[in-house]
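In the order they appear, the protein sequences are chains D and S.
Per the numbering used here: the first sequence = residues 1 to 338.
Per the numbering used here: the second sequence = residues 1 to 295.
Derived by calculation from the structure, the hints in this document are not laboratory data.
Hints may be right or wrong, so weigh each one.
Unchecked claim - One-sided excerpt, in silico: chain D residues whose CB lies under 8 Å from chain S:
no., residue
1, 81
2, 106
3, 141
4, 145
5, 152
Even glycine gets a Cβ: it sits at the ideal position worked out from N, Cα and C.
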Amino acid sequence: MGTLSRYVITRVLLTIPMVFILLSIVFVVLRIMPGDPVSSLLGGHAPESVIEQKKEELGLNRPMAVQYLDYLWHVCRLDLGDSMVFKQRVTKAIKEKLPATIELTTFGMIITILFGVFMGAYAADKRRSPQDNIIRLYGIVIFCIPVYWLGLMFQLIFGVWLDILPIAGRTGPRVFPSTFSKTGFYILDTILIGDFSALQDVLIHLILPSFTLGMVLSGIFVRLTRANMLDVLRADYILAAEARGIKHRVIVYKHALKNAFIPVLTMFGLQFALLMAGAVLTESTFSWPGMGRLLLERIYLRDYPTLQGVIVVFALFVATVSLIVDIIYAIIDPRVRY
Amino acid sequence: MRLTTPAEAMARALYRFTGMGRRYGVEWWILVAGGLLVLAIVCMALFSGVIAPFSPYDQNTGPQLAPPGGKHLMGTDNLQRDVWSRFVHGSQTILRVAVLAAIISSLVGIILGLVSGFSGGVLDRVLSLIMDSVYSFPGLILAIAFAAMLGPGVINITLSVAVIYIPTYFRLVRGQTLSIKEELYVEAARAIGASGSTILWQYIFPNVIATTVVVFTLNVADAIMIEAALTYLGLGLPPDIVDWGMDLAMGKRFLPAGHWWLITFPGAMISLLALGFTMLGEGLAEILNPRLLER
Numbered sequence: 001m002g003t004l005s006r007y008v009i010t011r012v013l014l015t016i017p018m019v020f021i022l023l024s025i026v027f028v029v030l031r032i033m034p035g036d037p038v039s040s041l042l043g044g045h046a047p048e049s050v051i052e053q054k055k056e057e058l059g060l061n062r063p064m065a066v067q068y069l070d071y072l073w074h075v076c077r078l079d080l081g082d083s084m085v086f087k088q089r090v091t092k093a094i095k096e097k098l099p100a101t102i103e104l105t106t107f108g109m110i111i112t113i114l115f116g117v118f119m120g121a122y123a124a125d126k127r128r129s130p131q132d133n134i135i136r137l138y139g140i141v142i143f144c145i146p147v148y149w150l151g152l153m154f155q156l157i158f159g160v161w162l163d164i165l166p167i168a169g170r171t172g173p174r175v176f177p178s179t180f181s182k183t184g185f186y187i188l189d190t191i192l193i194g195d196f197s198a199l200q201d202v203l204i205h206l207i208l209p210s211f212t213l214g215m216v217l218s219g220i221f222v223r224l225t226r227a228n229m230l231d232v233l234r235a236d237y238i239l240a241a242e243a244r245g246i247k248h249r250v251i252v253y254k255h256a257l258k259n260a261f262i263p264v265l266t267m268f269g270l271q272f273a274l275l276m277a278g279a280v281l282t283e284s285t286f287s288w289p290g291m292g293r294l295l296l297e298r299i300y301l302r303d304y305p306t307l308q309g310v311i312v313v314f315a316l317f318v319a320t321v322s323l324i325v326d327i328i329y330a331i332i333d334p335r336v337r338y
Numbered sequence: 001m002r003l004t005t006p007a008e009a010m011a012r013a014l015y016r017f018t019g020m021g022r023r024y025g026v027e028w029w030i031l032v033a034g035g036l037l038v039l040a041i042v043c044m045a046l047f048s049g050v051i052a053p054f055s056p057y058d059q060n061t062g063p064q065l066a067p068p069g070g071k072h073l074m075g076t077d078n079l080q081r082d083v084w085s086r087f088v089h090g091s092q093t094i095l096r097v098a099v100l101a102a103i104i105s106s107l108v109g110i111i112l113g114l115v116s117g118f119s120g121g122v123l124d125r126v127l128s129l130i131m132d133s134v135y136s137f138p139g140l141i142l143a144i145a146f147a148a149m150l151g152p153g154v155i156n157i158t159l160s161v162a163v164i165y166i167p168t169y170f171r172l173v174r175g176q177t178l179s180i181k182e183e184l185y186v187e188a189a190r191a192i193g194a195s196g197s198t199i200l201w202q203y204i205f206p207n208v209i210a211t212t213v214v215v216f217t218l219n220v221a222d223a224i225m226i227e228a229a230l231t232y233l234g235l236g237l238p239p240d241i242v243d244w245g246m247d248l249a250m251g252k253r254f255l256p257a258g259h260w261w262l263i264t265f266p267g268a269m270i271s272l273l274a275l276g277f278t279m280l281g282e283g284l285a286e287i288l289n290p291r292l293l294e295r
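Based on the provided sequences and hints, a complete structural model is requested.
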């Protein structure tokens, strides 16, 4: 077996305890919560016998250890159970909401990278100039702006005052997702079906949320790219390229940026959790029907299985991304091995 | 020798102050600006009763949803309350929660990190695994779960925020402890018969604590945004407490009608407060230990 495949397997196995620990924490935390799904299901005035019967039905009367093992066994078989509040499989609820979150985070990520990496590279190239100082200031300030407030201000400026962009939802009132939705990824769906007016509508609704999410995270990447670029630009091979007469712009944005990007990529794996947290808040601000909204809605209803399901998916999401980043890193840099 | 006049003493103090600027460059000024910003907001919190013209709960201060101007510096909200007064009083809640949360998580994180790194073995491995798992998970989502579990209340939201930062301190302190444990002076202490707890608290702890100062300041900045995020989502605080995040959530409902003052001011203050602590932390990091943030 090659060293790379051994590395990949070790790395995959290491994500299992992480997901397992998070699952256990969430299971315990949710079970200590005051309030229970049965009373939110039946309302406050249900007779004792009905509540008991419902609890029996949902398996909430069993000892906690039994519930826990039972739950773990089901998760191992990729079965997240049924919602306790709605007649719905948890996997189905998640399947409906996950594409919206993936769409939002993907576009947010693209904007983060475009803004962050290029501004950082530019600042490093022009270091100690006014432009550099402005970009550094941007990097610090934007990081301190809460993502939900940035979203609200964008809504105010572009949605209310200028009235050019929609402020809520994934589609406008005249577009019906049921006519084209297959995968739940609206951009993909509208392209597949060839409905370009719907595609336009979907894209317009994505602008504000993804800019909000992307800009807030770009601050970290500005600083990181700048710091790494400064190191790279000092390297001998940059001087050599300069001496060979290669255009300055090509040296900075092609040769240097490519080398400065590797540590930035690693950082991205670590910052992905921030992107998820930002997505939850952005979804709440923009009434975006994704995982974050699902989480918040179901927390009030004490819908344990759905909440656990959402957390599992978030954990898997984070673990998968950091796994992919590590593997890419190992491919780029063969020295990285366990 | 003659006595220095107050003017001379002040000039000398000012010279030393700017001298720090010449020595450390822009980082010193970032530190000063951040410090002033935090100081201003802390003063606002301490003297909010004097600064605010109305009670933050007073529902009869003027017209409903009046724009800024005249008697109301920042306008009024839908319940005829003065936005400026709520703005001033709101600083108390967020500062108390964020600073207290950072203190709690640093205490727990530092102690666990020290003990774990020093003792090693199974305890160390289990704790590290748990901390790493929590660290890699989105903190806000964990805080949401805790805030929902504990229910509304100042202490409860503080604990919910504190939980998510414990791994940050744990990882930092554990790593430091592992390397300091191998230092020659620890070896020497052991050789002259110092006990385990003496080594831990008198040799390792003082050397670890310095690095956590910067992390603490940056942690407060982050805790401010998490606190406001939780209350913005409607979790964590009962409705009778004045809080910027809750005011934002309330103002959000009047945004489509263009009542900009309800969201602009509280949000800007959350940003400024976080910015103040971030600048303080960045400046400190650069001056105390230039390589810390690059790691």
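Results for each hint:
The restraint placing residue 81 of chain D at the interface with chain S is violated, with a minimum CB-CB distance near 18 Å, outside the 8 Å limit. Because the beta carbon of residue 106 of chain D sits about 17 Å from the nearest beta carbon in chain S, more than 8 Å, this interface hint is broken. For the restraint placing residue 141 of chain D at the interface with chain S, the shortest Cβ-Cβ distance is roughly 6 Å, inside the 8 Å limit, so the hint holds. A distance limit of 8 Å between C-beta atoms decides the matter here; for residue 145 of chain D the minimum to chain S is near 5 Å, and the interface restraint holds.
Because the smallest distance between the Cβ of residue 152 of chain D and any Cβ of chain S comes to about 5 Å, under 8 Å, the interface hint for this residue holds.
The structure fails to meet hints 1 and 2 from the earlier list, while all remaining hints are met.
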